[in-house]
Structure formats: C-alpha cells, structure tokens
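> Residue numbers (my numbering), protein chains in the order written: chain A, 1 to 289; chain B, 1 to 288; chain C, 1 to 237; chain D, 1 to 249.
If you are wondering where the hints come from, they were derived from the structure by calculation, not from laboratory data.
Some hints could be false.
What the hints assert, rightly or not - Here are the simulated distance ranges between beta carbons: (1) GLU258(B) - GLY237(A): 41 to 47 Å; (2) SER110(C) - GLN120(A): 31 to 37 Å; (3) LEU105(B) - ARG107(D): 39 to 45 Å.
The C-beta atom is built at its ideal place from N, Cα and C for all residues, glycine as well.
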Amino acid sequence: MNSILPQLLINGIVAGSIYTLIALSYNLIFKLTKFSNLAHGGVLMIGSYVALYLTQNSLANLWISGLVGMVLAGCGGFIIEKTTFLPLRKKGASSMVLFIASLGVMMIIQAIIVIIFSNQSWNLLSIDTISVTYSIFGGLISNTQVLILLIDVIAILILTALFKLTLFGKIVKAIGDDAETAKVIGIDTEKYTGIVVFIASSIVGLAGILISLDAGMEPSIGLGFLFKGIIASIIGGANNFLGPVVGAFFLGLIENVGIWKLRGEWKDVIAFVVLILYLSFRKIKTLKE
Amino acid sequence: MEYLIHLAILLSIYAILGISLNLLLGYTGLISLTHASFFGMGAYVTALLLVHTKTSFLLSVLLGVILVMPISTFLGMISDQFNKNDYMLVSLGLNVIIFGLFNNLSNLTNGALGISGIPRPVLFNIDFSSNSNYLLLALVLLLLIYLFSHYIVRTSFGRVLKTIREDENVSKSFGFNTRYYKLVIFVITASMAAVSGSLYASYFSYIDPSSFSVTTSMLILSITIIGGLASLPGTLIGTLFFILFPELLRFVGIPSEEVFQLRQLMFGLIIVLLMMHRPQGFMGKYKL
Amino acid sequence: MKNNSLLNLDNVTANYGSFKALDRVSLTVGEGEIALLLGPNGSGKSTVLKTIFGLLPIVSGKISLHGLPFKPVSFEMPMNSFALVLQGQKIFPGLSTHENLEIGGFSIKSKELVDKRISEVLDIFPMLIKLMEIKAGLLSGGEQQMLALARSLIANPKIILLDEPTLGLSPKIAKEVFHKIKEINELNKVSFLIADHNLNLLSFLSRRGYYLESGKVTLCGNLDKIFEKHFLKMIMK
Amino acid sequence: MTMIKIHNLRKRFGRADVVNNFSAEIFKNTIVGFVGPNGSGKSTVINLLTGVETIDHGDIYISDILVKNKKKLINNYSFNISRTYQDPRIFDQMSVLENVLIVLNKRKVLSSFFETKKPFNSSKVEEVLRKVDLWGKRSALAGDLSYGQRKILEFARVLAMDTRICIFDEPFAGLFAEMKLIVSELILDLKASGKTVVLIEHDMDQIVKLADYVLVMNAGKLIAKGKPSKILSRNDILDIYIGKDLHEK
C-alpha cells in the first residue's frame, strides 16, 4: 500500500503528542480553577518565543534555551494566576468573568509578541541543521519528530508519577473535587493551585517549543493549538488523569487521517465537528439516564 | 475629511455587530462566539449576488438575512443544548467550522482568495459609490437596528430575556418557554450581523475569510464588554473607542503597522482591569 | 479565666460582609471536655466554629489556645491540632472513602504513619472498612458523617469542632454518631465543641453549653438551666 | 376535594433515601403546615412537587390530573402553582418593580413582543407592592435588598401571580415582628379568597396560628398528620424536635 496513509498516521501521532502536553496541562488547571483559560494559549507562546529569542541570538544552545523557555513559561503562568485570576476568584468572580479576563490576557500576550517578533512564522531549527529522516512503515519521520515523541513520553510518565502516586497528587485531586472542603480541613488551596499552575504552564511552554521545532510558530496559531488541547481534554474524558492523553492522540489521528480525502485546511473543522458530536452524544446520554 | 467618513462607516458597521451581541450577552446572558460567522454569511451573500447577478443591494441584504435565519435557527437549537461553559465552546466551534467552509468551498466562496469587485449599490437613483452617500446608507441602517433593539429591550419580551439571564429555571417555572425566547433573540441578532456583513462587503468591495474568523468574534465581544453590557449607548461608545484609538496612536506618532497591535494590547489590558473592578463595563448595567 | 482551658474565646466579634455575625462571644472548652453550642437556625453557631478555625476574620476580641492568644489561620490549624467538620463541606464526594481518609492525614509527612493512623481509626469506625473503595458521595448520610469524623481523627487532633453532626439523620443513626463521639472523647481524650439542635442526644454527651441568639451568647452554663429558660423559645423560634 | 395528592413519592441522592414512600393529600382551600426538623426532606418534597428535582418514583395528582410528564412539572404556572424558596430566588439585577411585573407578562413570545407598559399590570403590581410595603423601593435593584426584604419581594411575586396553589418555604425566616404580622394576614387573605396554601416553617407560633392541618416529616417519611394543636403536643413529635427526657421535666 504505497498510499500516503502511513505518513498521515505518523503525522497524526506527532500531532497527538503535542496535543497531549497541551491537553494534560490545560486539564490540570481546569480541574482546579473551573474555567476555560485562554491565557494558557498565551503561555504556550511565551515558552516558544523565549526559546526562539535565546537560540536566535545564540545566547544558549537548543537544550538550554528550551529549558529556560519552559521555566519562564511556568513563571509567566504563575504570575498571571497570582496577579489576575486569584484576586478575581477572591472577589467571587463567575467563570464567565474569569474566561473574559483570560481572553484579555491572551490578547495582551499575543500583541506583545507580535510587536517584538512580528507576525512571521519562526522555526527554532536554523535551516542548515541537517534533519535526518528515518522511514518506518513506509512513512518518513524526522529526527526532531522522534525527539518530540520521546520528550512527550517522558513528560507523560513524570506527570503521571507526580499526580498519581504522590500525596501531593492526591491533595490536588481533592482540591479539584471540592475546593471548599479542602479549605475547611486546613489545606492551603491557593498554594497548591499556584504550584500546579506553574507545572502546567511550563508543560504548555514545552509544547510551544516542540511546535516551533516541528512546524514553526507564529503568534496567530497559539490560540488554535489551545483549542485543540481543550477539545482533546474534553473528548478524552476530563475526569481521569490520562483521559486527555487518549483524547489528544485520537484527535491527532482523526485530523491527519481525515485530510487524506480533504485538503489540509479542514483540520480545524474536523476537530470542532468531533467536539460538537461528542458533546451532543454526552448530552443525549445524560438525558437518557 | 474623507478619512473621517471612512471611520464613521467602519463605526456603524461594527456598532451594528456590537449592538446585536449586546442583545445576546448583555440582555439574555448568552455568550456566543459565532457572531463573526453570521457577519460573514451576510457579506458573502451580498458579494456573490452583486458580483454575479444584477440584484439590487437592498434585495441582497434581504436575501442575506433570509439565508441566515434558518441557519441561525438550526445553530441556535444545537448550541442551546449546552450549559454555560460548553455553550461558549460549541459557539466557538461553530465559528471555526463556518470559517473553514468559507475558506475551503472555493467553488462557491473562491476560498482564501476571497471575492473582489463587489460594486457599490445604486438605490432610488442615488449612486452610493461616493463614501459620503454610503455613510448615509450605513447610518440609516445603524439607526434602524438601534431603534429596533431599543424597542425590543422595552417590551415584555426584553424583560423575559433578562429573567433568562438572571435565573432561567425560575423563569421557566413562571410558564415562559425560555428555549423559544432564546432562539428568537439568537435569530434576530444573527440577522443583524448579516446586515452589517452586507454593508461591509459592499463598502470594501473585497472580502476574504480572514475577517470572519474567531478573532473577529472575540473582537466584537471585547467591544461589547468594554462599552458596557445591557446598555446600547454603551456599545456605541465602545465601538467609537475601538475605531478612534488607533487614530490617537497615529496622531501621537506610533508607526502605523504597530498601531493595531497596540490597540489589541490596550483592549486586553482594559478588559482585564474591567473584569477586576467593573465587570459590567463602562456604561453597562449588567454585572457578568 | 482559668488557663488550663484548651480553647478560650474572649469577646470575639466577626462579620459576614456588613452583617455582624458574632457579637462579643466568649466561651471556653476545657481539656478533654465536650462543650455544646445551641440556638435556633441562623443564630451564628457554625459562624463560631468557622471563626475559631480561621475561615472568618475576627474584628475584635481574642482567641487563645492553652491561654496563649493566637490568630487562627485555616491552613495552620492542623498543626495546632484542631479539626473542623462543617455541615456543608464534610467529605470529598468524588474520592473513595480510603482517599478521604488519606487526605485527612495530609499534614502528616510520612506515608507509613498515615497508613498506621488509618488502621487505628478504622478500629474505632469498623463500619467504614467495607466501604473503603466506594466513592464517598455514594455513602448514606450516616456513613458520610462517620467518615467525616474518622477523617478528622487521622491527624490526632486535640479538639474537634463539629457542626450539626445529626442533620438529616434518623434518630437511630444520630444516636450511633453520638455514641461514637462519646467513645472518641473518652478513649483519645479529644475535646469537642459541637453545634446541634437535637437536645436530647446532646444532653447525653455533656451538661455544659452556650445558648446563641443572632450572634450573641445569651446564656451559658448547665444544660438544664438553659433548658428551663428557653424551652418554648428554643423550639418555637 | 383534594387539590394535591401525592402517592408514595421516592427520591434518592447517592445511597440515601432523602424521601421514601411519602404519601399525602392536600385539601382545597386550606392552609397546610409542613413541619419537621432540618434535613428531614421537606424542601425535597416541595422541589419534587414543583419540578426543581426529578421524581425517582411515585405519582403526583394536581387537581385530579396525574402529572405524567415529569419534565412538564417545571412549568408550575401551567399547574396554577407558585412558590417561594428557602433562599429567595429573585432576579438580582432587575428592579423590584420588574421582579413582580414579570409574572403578569404575556406568556407567548409573539404577544410579549408587542406588550409594552400596560396600565392593568402596573396598577396590580402597585397594589401588591404596597401591601408588602415595598412600593417605596420599587426602582431599587432586587439584589441590593436586605434578606428580609428579598423574602418579602418573593412573597409579593406569589401574590401577584394569583395562582390557586401557593407554596411558601420558610416565609417568616429573617422577618421583623410587624412584617411577620403582615405576612400572616396576607396568608389568611389568600385562604379567604379560595387559595390552597402549603406552609413550610420552623416557627411553631405561626403554624399553630395559621395552619388548618399539619403534616410532620422526619428522615424522609411522613410520621404524623392532623390538627396542629393535637399533633404538636404529642410526645413522639416533640421527641424528634427536642428530646424525650428534657421536655418531661
């Protein structure tokens, strides 16, 4: 079967691994703060543009700038949480108010990045680095894509270990289940939320870096990738920890296999059609009970 | 002077969009991000009709509305199944899907290349190619929609919308078929957005999908919120601020390619500050 | 005031926004003693418990532990060996019974110690053993109350603040809950400050209580004295 | 003639039967007191009756019509029922006047589209608001009212709706003495004008004064019904409230 299906499958898996990081980190924050946080898309871009700035001015090699990008994205997410969303939550703001505030933050981050870096697409790898491609099952996969898969698997393992096996993870799960009860038994919910936001923001920063390694990053696509992460975490089943991972790879594969017949531009449409179908079935299922 | 007219036309186009979204969010509490799609549908209907057939502008506006009504009814029914957070995601999804259709149905919409050469209308033997005449047309349409919205808000229908915003279940227990009310206001506001789309297409004589994307929906949302929820004059002020702010920056000497980014930055900042201290916006009466 | 008292409130005033929730409330709870908070709905009983636990800021007056004044902060209370079981927020419905108990020991660093404490507490609450893997939200009212009590015991508190432990329970189960409280009090020398309506069962636990009316302690001392003064008013209110 | 007949109603939250096999009859043009300690399931029964909660099992007949479609119950107006809530559910960001005017609105979308200020509505609203002494505050936002005023506003809304069956969930809680008097007078007026009233209340003074008939509920079951004076002096009833040995002293 010399058709391009294997290649599409590989692209699907690579896309799935990037969506995984976004979906996992988005879900971690959503379960604690209970609102759709668009600023998460902005933090994604902070990660990639910091790494871009460092490599471009050859201040650091790829690995270090990637690390610094992740940490700064983490700090960015943390600062946004403490300066914007925490005071709003203390005022008892509804999830709608929090959502619109996150829209504002997203607009700010995007505008700053466009002012500093302009609108063009940037790729972290300079053209001259030789990209070795391997072929498996009749499709080609570049060494950077292999790197992305590796990093993704490592990140999933670390996060699962941290949030599934440790007491810290259990407390975070308890806060997600009922923040009021957690407060009443003496857990410092805001401290834990801050730590989780920092971890999740650095993970989404890592996702931003991987995107700019694979396909290249531009300010207008940060939000688009966040939507994919949100869809993945919903269709994967947000209540169990690894649900978003399943959702992410499912979405990655459906999108890339979907464009086998249609052209590439249909990816976004496919993703949201999948979301609406899923939400409708979930609604019908609850009505039946 | 010519430039001022251009700004005034832009103002009336975006004001119509802002008013219609305010009816949805400010009065009924529905946060819909599908608005740019209806804006786009109106634009494409008018563009295609004016370019390929001899229909008059007013007829094309009417046909645009007639096309949008069944579609918005259908989309309204879909998105009404969901509660607050899912509703917003679904409405956003519908916008992305329709944007995808504008982009990819190239035989109909000419895809990403868009449609050019959309003529200016000639009505009652007034040639609207000159901007000042066109401004008249735009202002008349804005005035009509403003008065119509002002009327809706004053009727019992408007009052029921507000009860849906406040506590839909209690409103249901009083015997109001809230689903039907939400659908009617959704279709009305979608038609208003279509009218503004027709104005936009004929004025710029070129349209492409990029001006009907999710970012446009979010832009309209930010105008409505900053202007003030549940306050129609507030939306006018919000739109005025949206249009004039870049001119202020140009006046102060900011290079013009940075002007729109600074506007987005300023808008983002204002939204965050408003949510902190005045969630109902400048002149708004409804706190989210 | 005698300083061997474990907990002491001296003219404490607290507000809910503009509404004066507590007005110069004074009360004491001795070592290993059970004190009661009585009064009609909305008289501020649970507000007293919330204020002691630092969930509500104190406007004036002083709270002292073993005679030493301190400013209660909710997430430092476990270290001061305080535990609170509030009516609305008793358990984590989405977590299993076992996880609820583990969370009870969140302030204990070593995992082995937490597991040891869980098994010790299960000796006192044997009915929870068969429910360990069931989601707490699916437990019956009585079982949830037992779980909340068990969870509050994990961290070895010296005093447990209990808010309406028998709300919604049938008289039989309410009696069981109260027997359990009596057992914990005698076995582990844990003192209690309990806010509840059910006088009959409360009188079985302790003879000393405080009667609250819209945020003010209008009467304190022996239960029978409170009863004579306020019999009609109490149920008629 | 029975206005409402409830036949072994059951409701379960998780594994707890909040209401199990609850049956009762509410007679036309009477004031029925519905009492029981906190958490006994009183509010849940009322929520089941007015469609706020879905019914697990059991039947409800309202003026002899079996309410088949459980979902329809949420539309209380069509069953001629109006109610207040323990924690008042009023439209906070609308004026006091609009909060009451809404129940006199035309119900159909089209007709409500052409209904602006109508003399009939506003005069009825004024009459009702004057009765509860809120006419002075008619243009204030409902959200800015005190707890007692919010209770009274919700009470006024039920008066304005003029339905055959009125259910009040702790209408006297949070009211000052003279306002309690006004409310009890208005409830008696409701009965005089042929309405059927269900009164959930802890304040036994009001129950004894107003109720023709009392239903006592505890832990999800109906444990007693009859004349208030007879019921409330029975030992087993007092036992639930305050305890055996204490009240014998």
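> The structure should be examined with respect to each hint, and the outcome stated for every one.
Hint check results:
1. GLU258(B) - GLY237(A): 41 to 47 Å: Since GLU258(B) and GLY237(A) have Cβ atoms about 44 Å apart, the given range 41 to 47 Å holds.
2. SER110(C) - GLN120(A): 31 to 37 Å: violated (55 Å)
3. LEU105(B) - ARG107(D): 39 to 45 Å: Given range 39 to 45 Å: holds, Cβ gap about 42 Å.
The structure does not agree with numbered hint 2 stated previously, though it agrees with all others.
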